[in-house]
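Number of protein chains: 2
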Amino acid sequence: MKAKGLIIALDVTDKEKALNIAEETSSYVQAIKVGYPLVLSSGLDIIEELMSYTETVIADFKVADIPNTSKIICRLARNAGAAYVIVHGFVGEDVLKACSEIVDIIVVAEMSHPGAEAFIQPVSEEIALLACEYAKGIVAPATRPERITKLRYVVGRKLLIISPGVKAQGAEIGDAMRAGADFEIVGREIYESERPGEKARKIAKILKKV
Amino acid sequence: MKAKGLIIALDVTDKEKALNIAEETSSYVQAIKVGYPLVLSSGLDIIEELMSYTETVIADFKVADIPNTSKIICRLARNAGAAYVIVHGFVGEDVLKACSEIVDIIVVAEMSHPGAEAFIQPVSEEIALLACEYAKGIVAPATRPERITKLRYVVGRKLLIISPGVKAQGAEIGDAMRAGADFEIVGREIYESERPGEKARKIAKILKKV
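These protein sequence lines map, in sequence, to chains A and B. Numbered by the working numbering, the letters in the first sequence go through residues 1 to 210 in order. Numbered by the working numbering, the letters in the second sequence go through residues 211 to 420 in order.
Note that these hints are calculated values from the structure, not bench results. Here a beta-carbon is modelled for each residue, glycine too, at the ideal position from N, C-alpha and C. A portion of the hints provided could be inaccurate.
[As the list claims (entries may be wrong)] Taking lysine to any residue pairs in the SDA-like style, the calculated list, with each CA pair at most 20 angstroms apart, reads:
#1 B:Lys-227 with A:Ala-118
#2 B:Lys-307 with A:Ala-118
#3 A:Lys-97 with B:Glu-327
[As the list claims (entries may be wrong)] Partial list, derived from the structure: chain A residues whose beta carbon lies under 10 angstroms from chain B:
#4 Asp-11
#5 Lys-15
#6 Lys-17
#7 Leu-19
#8 Gly-89
#9 Val-123
[What the hints assert, rightly or not] Listed next, with one range per pair, are the computed distances between beta-carbon atoms:
#10 B:Ile-416 with A:Glu-49: 45 to 53 angstroms
#11 B:Glu-356 with A:Glu-23: 50 to 58 angstroms
#12 B:Glu-382 with A:Ser-27: 41 to 49 angstroms
#13 A:Lys-17 with B:Lys-418: 30 to 38 angstroms
#14 A:Lys-15 with B:Glu-233: 30 to 38 angstroms
#15 B:Ile-416 with A:Ala-3: 55 to 63 angstroms
Next comes chain A alone, as it looks inside the complex:
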């Protein structure tokens, strides 16, 4: 992925809708993030179809299994065309190592929802440090910009930081990038909009000025 900007989270369960939104927003987004909502309802081949509209598909599978199973999941995602697979850091170093041998990984260092404060946040800096060994980037929450700044301090300029939690979960557009993120991930705000293309264009414009 180049530079900075907008990643769209295509968490819809309707394949046609997903492809339409990917097409409409393609000029404004640097990458498309697909997760299990879309992949389970449309099949893994959706990744290849989305590559008509983007150079970079991120498989947000939040892989969190034992090393052997995690590896199989990463291989399937890579073979389907994903440039990156998102893997949980919480499951430990052996999982990160196993996955990174298969595909470029982005590690969830910290999550954007309230529940993440209980068990993930207390160890997120340790996870970010582990990620420096195995990953191309980390995930850090736009909902807590001060955490992004802290995690940027941990990973330096070595890793990308991508940030979910924008709008639907409460962060404003630009908050995460101002705090140190490279990319802001926007889902519902775009895909639930009447005019996803226009919405993505406006968001991308704001992010360009950050």
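Chain A is fixed; fit chain B onto it per the hints.
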């Protein structure tokens, strides 16, 4: 799920092979656990097909996303026919609550691989306690029987305990049930065997005597 016994983990990526093994082993297993290796390569409909051979399919999706996305994943699994969905506890209470409103969940309290010692094991008893509020069962590692005993103490008889990590990961058949588990989950030892049916029969026989 009734009583105690054997759960097969069908972590193969070949649909025909999966269905053959399900058929051969059907008399000896109480439930089939399917994860992303099989579902990503065969499609979610595999769950319904497997229900020709078992009453209980457990979708081992190790759900670990924000509440909204986790809910969508659980709904897809439930609609496909899964009786239970496995959800990670480390993502916090709001995720467990959201998922439990959709489907019966089994919560990963602790995992069987070495990497789980870093971040999951220190909080596994807290996770098990949370699970008592929202789940029908927990996952605890056969590779560390003393941890099963500890986690049984936390959840009492209220929740089922299912235990992966048997054979391929090092535990012997019966270790987990002797330590307090209700079900032992066996994958590679059965599905990589030349005669999966015969292997499952032997394992079930041993477990019956525990």
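Interface restraint verdict for Lys-17 (chain A) against chain B (beta-carbon cut-off 10 angstroms):
Interface hint status for Lys-17 (chain A): violated (14 angstroms vs cutoff 10 angstroms).
Need the status of pair Lys-97 (chain A), Glu-327 (chain B): alpha-carbon distance at most 20 angstroms?
15 angstroms, holds
Within 20 angstroms, alpha carbon to alpha carbon, are Lys-227 (chain B) and Ala-118 (chain A)?
Outside the cut-off at roughly 41 angstroms; violated.
Mind checking the CB of Val-123 (chain A) against every CB in chain B and telling me if the closest is under 10 angstroms?
This interface hint holds because 5 angstroms falls under the 10 angstroms limit.
Have a go at the Gly-89 (chain A) hint: is there a Cβ in chain B nearer than 10 angstroms to its own Cβ?
With a minimum Cβ separation of about 8 angstroms from chain B (threshold 10 angstroms), the hint on Gly-89 (chain A) holds.
Does the CB of Asp-11 (chain A) sit less than 10 angstroms away from some CB of chain B?
Given a least distance of 6 angstroms, the restraint on Asp-11 (chain A) holds.
With 10 angstroms as the cut and Cβ atoms as the points, is Leu-19 (chain A) at the interface with chain B?
Violated: closest Cβ of chain B sits about 18 angstroms from Leu-19 (chain A), beyond 10 angstroms.
Are the Cα atoms of Lys-307 (chain B) and Ala-118 (chain A) separated by 20 angstroms or less?
Given pair Lys-307 (chain B), Ala-118 (chain A) holds - Cα atoms ~14 angstroms apart, limit 20 angstroms.
Grab the minimum C-beta distance from Lys-15 (chain A) to chain B and call the hint holds if it beats 10 angstroms, violated otherwise.
Not OK, violated: Lys-15 (chain A) not within 10 angstroms of chain B, min 13 angstroms.
In this structure, is the beta-carbon distance linking Glu-382 (chain B) and Ser-27 (chain A) contained in 41 to 49 angstroms?
59 angstroms, violated
Between the beta carbons of Ile-416 (chain B) and Ala-3 (chain A), is the distance compatible with 55 to 63 angstroms?
The hint (55 to 63 angstroms, Cβ to Cβ) holds, given that Ile-416 (chain B) and Ala-3 (chain A) are roughly 59 angstroms apart.
C-beta pair Lys-17 (chain A), Lys-418 (chain B): status relative to the range 30 to 38 angstroms that was hinted:
Between Lys-17 (chain A) and Lys-418 (chain B), where Cβ atoms are some 50 angstroms apart, the hint is violated.
Hints 1, 5, 6, 7, 12, 13, counting from the list given before, are not met by this structure.
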